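**Student:** Okay, here's what each chain looks like letter by letter:
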Amino acid sequence: MAEAVARYRRPLSWRLILSGGWLAIVVICAVFAPFIAPHDPLAQDLLLERLPPFWVSGAEPGFYLGTDGLGRDVLSRIIYGSRVALAVAFIAATAACVFGSFMGLVAGYFRGWVDQIVSRIVDIWMSFPPVLFAILLVAVLGTGLHSVILAIAVIDWIRFCRVVRAETLLQTRLDYIDSARAAGFSRVGILAREVFPNVLPTIVALLSLEMGIAVIVEAILSFVNLSISTDDPTWGGMIAEGRTIIHFAWWVLVFPLIALFLTVLAFSQFGEGLKDRFDPVLR
Amino acid sequence: MSTGMETGAYLEIDDLSIVLKRAKTHRLLRSVGLRVKPGEVRGLVGESGAGKSMIGKTIFDILPRAVDIVEGSVRLGGDDLLKLPETQRRKLIARTSALIPQDPLTALNPVRRIEPQITDRLTKNLGVSKAEARERARTLLDEVHIREPERVLKSYPHQLSGGMRQRVLIAAAFAAEPKLIVADEPTTALDVTVQKQILKLIAEMQARHGTALLFVTHDLGVVAKICQNVSVLFGGKVVEDTDVTSLFANPEHPYTKALIGATPRYDRPEDSLVPVPAAVIEATRHEIEAADDAWLGTHAGGRR
Chain A
1018 MAEAVARYRR
1028 PLSWRLILSG
1038 GWLAIVVICA
1048 VFAPFIAPHD
1058 PLAQDLLLER
1068 LPPFWVSGAE
1078 PGFYLGTDGL
1088 GRDVLSRIIY
1098 GSRVALAVAF
1108 IAATAACVFG
1118 SFMGLVAGYF
1128 RGWVDQIVSR
1138 IVDIWMSFPP
1148 VLFAILLVAV
1158 LGTGLHSVIL
1168 AIAVIDWIRF
1178 CRVVRAETLL
1188 QTRLDYIDSA
1198 RAAGFSRVGI
1208 LAREVFPNVL
1218 PTIVALLSLE
1228 MGIAVIVEAI
1238 LSFVNLSIST
1248 DDPTWGGMIA
1258 EGRTIIHFAW
1268 WVLVFPLIAL
1278 FLTVLAFSQF
1288 GEGLKDRFDP
1298 VLR
Chain B
8 MSTGMETGAY
18 LEIDDLSIVL
28 KRAKTHRLLR
38 SVGLRVKPGE
48 VRGLVGESGA
58 GKSMIGKTIF
68 DILPRAVDIV
78 EGSVRLGGDD
88 LLKLPETQRR
98 KLIARTSALI
108 PQDPLTALNP
118 VRRIEPQITD
128 RLTKNLGVSK
138 AEARERARTL
148 LDEVHIREPE
158 RVLKSYPHQL
168 SGGMRQRVLI
178 AAAFAAEPKL
188 IVADEPTTAL
198 DVTVQKQILK
208 LIAEMQARHG
218 TALLFVTHDL
228 GVVAKICQNV
238 SVLFGGKVVE
248 DTDVTSLFAN
258 PEHPYTKALI
268 GATPRYDRPE
278 DSLVPVPAAV
288 IEATRHEIEA
298 ADDAWLGTHA
308 GGRR
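Line order of the protein sequences matches chains A and B.
Just add 1017 to wherever you are in the first sequence, counting from 1, and you've got our numbering.
Just add 7 to wherever you are in the second sequence, counting from 1, and you've got our numbering.
Keep in mind that the hints were calculated from the coordinates and are not lab data.
As the structure is a prediction and not an experimental result, all values here were calculated from the model.
Please note that a few of the clues may not be correct.
Not everything, but these chain B residues come out facing chain A in the computed CB check (under 10 Å) [claimed, not checked]:
no., residue
1, Ile66
2, Lys98
3, Ala101
4, Ser104
5, Pro111
6, Arg119
7, Lys131
8, Ser136
9, Val189
10, Ser253
11, Phe255
12, Ala256
13, Pro258
In silico SDA-like cross-links for lysine to any residue, where the CA-CA straight-line distance does not exceed 25 Å [as the list claims (entries may be wrong)]:
no., chain 1, residue 1, chain 2, residue 2
14, B, Lys28, A, Val1135
15, B, Lys186, A, Ser1203
16, B, Lys161, B, Lys98
17, B, Lys98, A, Val1135
18, B, Lys98, A, Leu1191
19, B, Lys161, B, Lys186
Using N, Cα and C, we set each Cβ at its ideal position, and we do this for glycine too.
Kindly produce the complete structure, drawing on both the sequences and the hints.
**Tutor:** Shown next, in the form of structure tokens:
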């Protein structure tokens, strides 16, 4: 009977299925954009400008979500835009995660002057308005995808650092750490073998959340024209363009916004779902 | 050479004084002396805050950062821990001593299975092969009367009850055949019905392995059951050091007398609970303060 309990696995939660499903769609779109997109995202055709989505009268067959002010297909641009969004989400968030978590673990575990230094840096970082900081950084580094990724990593590592540090402090006070010390294990060994696995679920949840945040920051930077070149489709850039013609063609703004919204939501929910699944007590 | 040979004690603590880093004249342990011989079970009793756990933590070098050892020696088999460099100290502790912690709910790592938590110290510190360590873990789980050792080895801590976890921790403590085990109030966090079994188990394991056992507790009833000798601690000072029979027959220190008088007797429920009289506490405090003054006279400013 106890055996059955030990082997019991909860079915996948709806949260994980829905968020994972949407993220899978976005990933597939990004990877196979040239095969999926019905049109060239850059092809302009002024004869086809501002076509409405397919269910509105005046729609042209083949342009499912309509066209923008230059006659470019909105759906194709959203599909291509997912490439930038995901590249930023994965690379920037992972970079912020690795660096921030490392600093947090070290600060929380060794405390003392290491913690003092790291914590003061975090305090300073936190007193900058992040979006302004990002704009400033990209302005200095020059526009382009790599600048955006670097800016996000440089700004957002503190999110990981703070939470991981707090969690590490909490774990370090528990008896099992003292027991491991008493059993003669080195500090580094304990940090890697005992503390890290306990902090990992938190890191995973944060990482997923951060991917969503990275997507938003990239969109903001595209919106103010500081991301990649204006021609290349990005969700933020589309929203910026759509804003100017919202009274004639709402779809240019609304569809990329929905894509952005769903993706960010999916990232945060996916992270929470994973955290629950990783937790051996809840598992 | 070492005093260990002369007294035959395995653990020898002499003149151990610990202070707060921020207030170096405030002693938390006041020139504590303590001895545990091989095979001996010594109780270490005292009220909350008397410094019982601090002595245990000193032995394992896991004192909180806020305190400092200002003088004294802690010898394990003759080697003074406080004089050894960190890595050697750790090695000596790991090889010779083990801790049975207070709270079995937090003393096991929640995300790791039981097996490595018992065998880690064998495989990683003592060079025992994995298969051998596994076999040893199984034997130990048998010894602590766990019925399905195979299943328990594969379990996570949360899948076991508090009593089971304490049994696992006892098994882990005995894994490397230590010379000394410190049990830090091992039954406090447990159910009353389980307490008795765990107590019996610790006594049984101690007898089987012939280990020196320092049993930290605030329960004189427990002391009466399993200890041969006992040290009574008040305010970080050992006020009485005697064998169990004389402890109960003719306690010397007024605080000890009062403590024994205050122990609830389940066999005489009609007696009302007696607190330790304030006058006794006051007198003991004065005694300690007088000792502190003398100590400060010889250690003006502290050594470190």
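**Student:** Now tell me, hint by hint, if it's right for this structure.
**Tutor:** Hints versus structure:
Taken as an interface hint, Ile66(B) checks out: its beta carbon lies about 9 Å from the nearest beta carbon of chain A, inside 10 Å. Against a cut-off of 10 Å between C-beta atoms, the interface hint on Lys98(B) holds, since the closest Cβ of chain A lies about 6 Å away. With 10 Å as the threshold, the beta carbon of Ala101(B) comes within range of chain A, its nearest partner Cβ sitting at about 2 Å, so the hint holds. Here the hint on Ser104(B) is kept, as its CB sits about 7 Å from the closest CB of chain A, short of 10 Å.
Proximity of Pro111(B) to chain A holds as hinted, the smallest CB-CB distance being about 9 Å (cut-off 10 Å). This hint holds: Arg119(B) has a C-beta 7 Å from the nearest C-beta of chain A, less than the 10 Å allowed. With 10 Å as the threshold, the beta carbon of Lys131(B) comes within range of chain A, its nearest partner Cβ sitting at about 7 Å, so the hint holds. Of the supplied interface hints, the one on Ser136(B) is violated, with its beta-carbon coming no nearer than about 18 Å to a beta-carbon of chain A, more than 10 Å.
Against a cut-off of 10 Å between C-beta atoms, the interface hint on Val189(B) holds, since the closest Cβ of chain A lies about 9 Å away. For the restraint placing Ser253(B) at the interface with chain A, the shortest Cβ-Cβ distance is roughly 32 Å, beyond the 10 Å limit, so the hint is violated. Taking 10 Å as the C-beta contact cut-off toward chain A, the hint placing Phe255(B) at the interface is violated, the least distance being around 32 Å. The beta carbon of Ala256(B) comes no nearer than 36 Å to any beta carbon in chain A, farther than 10 Å, and the hint placing it at the interface is violated.
Hint on Pro258(B) is violated. Least Cβ distance to chain A is approximately 33 Å, over the 10 Å limit. The straight-line distance between the Cα atoms of Lys28(B) and Val1135(A) is roughly 23 Å, inside the 25 Å bound, and the hint therefore holds. Restraint check: the Cα-Cα separation between Lys186(B) and Ser1203(A) comes to about 22 Å, which is no more than 25 Å; the hinted pair holds. Only pairs whose Cα atoms come within 25 Å are accepted, and Lys161(B) paired with Lys98(B) is rejected, the gap being roughly 28 Å.
Between Lys98(B) and Val1135(A) the alpha-carbon distance is near 31 Å, which puts this suggested pair outside the 25 Å criterion. Between Lys98(B) and Leu1191(A), the direct Cα distance comes to roughly 22 Å. Compliance with the 25 Å bound is thereby established for this hinted pair. Pair hint Lys161(B) plus Lys186(B) does not hold up; C-alpha atoms about 28 Å apart against a cutoff of 25 Å.
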